[in-house]
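Add 304 to a position in the sequence shown, counting from 1, and you land on the number used in the numbering used here.
No lab work stands behind these hints, which were simulated from the structure alone.
What you are looking at is a predicted structure, and each value in this text was computed from that prediction instead of being measured.
We treat Cβ as the ideally placed atom computed from N, Cα and C, and that holds for glycine.
Watch out, some of these pointers could steer you wrong.
[Unchecked claim] Calculated lysine to aspartate or glutamate pairs in the EDC-like style (CA-CA distance at most 20 Å, straight line):
1) K724 to E643
2) K554 to E475
3) K583 to E556
4) K680 to E661
5) K558 to E599
6) K666 to E742
7) K485 to D576
8) K655 to E689
[Said to hold, decoys possible] Cβ-Cβ distance ranges computed for the label pairs, FRET-style:
9) S615 to Q590: 30 to 38 Å
10) T738 to D623: 43 to 51 Å
11) G567 to R602: 19 to 27 Å
12) R617 to D673: 46 to 54 Å
13) I630 to R731: 40 to 48 Å
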Amino acid sequence: MDIFRQTFGNNDDSFIRIPGAFSEEPPADVNGGAENRSNGTNEPTRSDSTRFKSVLRFLFQAPLIVLYYLLNFIIRSSRLLKPLLRFHGFYQRKHNRLLDHSSQLNRLLESLQNESQVVTPSEANGNADDGSNSENTNNSQSSEVQFSFGSLYNPENGMFSKGIMQNSYTELLDTCSEQVKFGVIYLHDPLLDNHMDYVNKILCSEIFVNMIRKYQVLLWYGDVTTSEGLQVSNALKIRQYPLLGIISLKAERKIELIARVEGSISNNKPQDLETIFSKNYPRLIQLRQQRQNIEMQRLIKQQQDSRYQDSLRRDQQRDTERLEEIQREQRAQEHKRLEKEWLLWRKGQLKPEPSSEKDASKVAIRLEDGQRLVRKFDASLPTEEIYAFVDLHLHGLLDSEESTQLVEQPNNFQHQYGFKLITPVPRRELEPSTIISEVSGIYPSGNIVMERLNE
């Protein structure tokens, strides 16, 4: 507040700071008249200077004051929001933990491992309610080995950590249904006074471990103080804790709770669990064999279907190849027919051999089999005339008696000669469109060699 007073208040020396105080009057002076006259003349100048200093002080101090109070407000607001953020983060982390079944199981196993202790067989047998059988039980189990909780259920290197201990109740049901195995449920209540009796004297006992190994049992342990444990407890209608339950597959995809032990450890007898396992195990083996038979039949049927599909595919491929072969033969026959028609038509168009030497070219043609043909051709005709002559000779149509008068040129048929004619010196292939008189190698006379084209 002093800053506001200094900034906005009067800077006169007569400012009263304490309520009830009185301002002091200036001392009287003998030469008061003269001094009053001199003070009266300087009063306006002093007032202007004081006002100017006040304005400057306000301009420099006001932004700093606003910034100070703004920062102070921000700091106080952040301090008020920090507990709310922490509160929100706590419930967010708790919500994430509740959804993580693996973390819930690991916390439960870690807690049980820290609280568990190795119990000797004599201590475990001393809590039996039946006094007459306590001595016999002690003698029968005097050689029993008690395991530590960590050696059995440690998530990293425990005996039951991989493939046996399930992360959630739903995973236990699915695995029991898929693998056709027993499942053991243990619901732990940490609020009970003797909540570690089941852990120390049953879950870590040699009898229990041997039963788990013998019957290939799957395990799931839950805490009733968690949401999942409470849901399972309500679904199974548990009245007392702890609970040790056995589930089994009774029909296809139908799992039931076949036995339960609730409440005090005195209600549990290892012989009863062994009896339950041995009684229901044949039924479980039968269901497992049925499922294996069904799976085997499915595989056999799948293999049969696969072989049938392969055979059908081969048959279809053979039919397709046969059809293509038939179509190729038909096309080849049609081509031969059209080619023969064209050759007959071309025979009718073949010019006769000129009688005079004038404007005639005498050509000797050597075929690929060594045969030599000699004929005269009109020099004004294209060399295609020589090609047609050779082709007609190769097909044996030159001396054929087949009539060519009524034969017309086939439509949509383009004849291709299967050979080429070459002049040996100089070696040059004859183009069918070239005029005979323009080829110096055969006009007025010359030799031609026939060569087959590579098909």
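Right, here's what the structure says about each hint:
Between K724 and E643 the alpha-carbon distance is near 18 Å, which keeps this suggested pair within the 20 Å criterion. A distance of roughly 18 Å separates the Cα atoms of K554 and E475; the hinted pair therefore holds under the 20 Å criterion. Annotation: proposed proximity of K583 to E556 holds, straight-line Cα distance about 19 Å (limit 20 Å). Restraint check for K680 and E661: the C-alpha separation of about 9 Å stays at or below 20 Å, so the hint holds.
A C-alpha spacing of about 18 Å is found between K558 and E599, which places the hinted pair at or below 20 Å, so the restraint holds. Note on K666 and E742: the hinted pairing holds, with a Cα-Cα distance of about 14 Å set against a maximum of 20 Å. Annotation: proposed proximity of K485 to D576 holds, straight-line Cα distance about 19 Å (limit 20 Å). The hinted pair formed by K655 and E689 meets the criterion: a straight-line CA distance of about 8 Å does not exceed 20 Å.
The given range of 30 to 38 Å is respected by S615 and Q590, whose C-beta atoms sit roughly 37 Å from each other. At roughly 50 Å, the beta carbons of T738 and D623 sit within the given window of 43 to 51 Å. Range check, G567 to R602: about 45 Å between beta-carbon atoms, so the 19 to 27 Å window is missed. In this structure, R617 and D673 meet the distance hint of 46 to 54 Å, their C-beta atoms being roughly 47 Å apart.
Range check, I630 to R731: Cβ separation about 44 Å, and the 40 to 48 Å hint holds.
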